[in-house]
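Whole structure, please, built from the sequences with the hints as guidance.
This note's numbering runs 4 ahead of the 1-based position in the sequence shown.
Bear in mind the hints are in silico, worked out from the structure with no lab data behind them.
Do not rely on the hints blindly, as some may be mistaken.
Unchecked claim - Distance ranges between label pairs, derived from CB positions: (1) Leu130 x Thr47: 26 to 34 Å; (2) Leu130 x Ser100: 36 to 44 Å; (3) Ala65 x Arg34: 30 to 38 Å; (4) Gly58 x Glu94: 19 to 27 Å; (5) Gly71 x Ser100: 16 to 24 Å; (6) Ala96 x Pro11: 27 to 35 Å; (7) Asp24 x Leu92: 37 to 45 Å; (8) Ala44 x Glu110: 13 to 21 Å; (9) Glu110 x Glu61: 18 to 26 Å; (10) Ala128 x Met95: 34 to 42 Å; (11) Phe105 x Tyr127: 25 to 33 Å; (12) Val120 x Gly69: 19 to 27 Å.
All C-beta atoms in this analysis are idealised placements derived from N, C-alpha and C, irrespective of residue type, glycine included.
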Amino acid sequence: MAGPDVPLCGIREVDAGHLDLHRRIDTFSRLWKLGAADDALQTSLQEVREAARGHFEIEIAVLSGYGIPARHHRQIHDGILARLDTLLEEMAAGSSHQRWFAVLDEVEQIFLDHEVMEDRAFYALLTPPPQDGRLAG
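Structure representation (structure tokens):
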């Protein structure tokens, strides 16, 4: 999930958050492929969740800074965090290697869908204003 597949918007803080999330999901994937213990996978998934929470706060602040209503986007973020919390709870007692793969697959899909569908919908609105202060158009 890393590299050129990461959609970028040109806003440093948002792009850095997406890259960090993908890096953490890649780490989760590598741990699963290496057959890591449940506690290592649980810790890695928790790190993905915490990185997402921090990134979502930044993303909402950026949207608000551009005057873009962020209520709906915040609700989407809240839903993602709730799903990650549910997965963390479900996996807390340990699980099979196959079940962890299903969790990894779902986490990858959650973030891919969110970035491609919801985030890209507002990227055109995040074009930085011209340096001379004049509005384009």
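Task: Earlier hints that do not hold, by number - done: 5, 7
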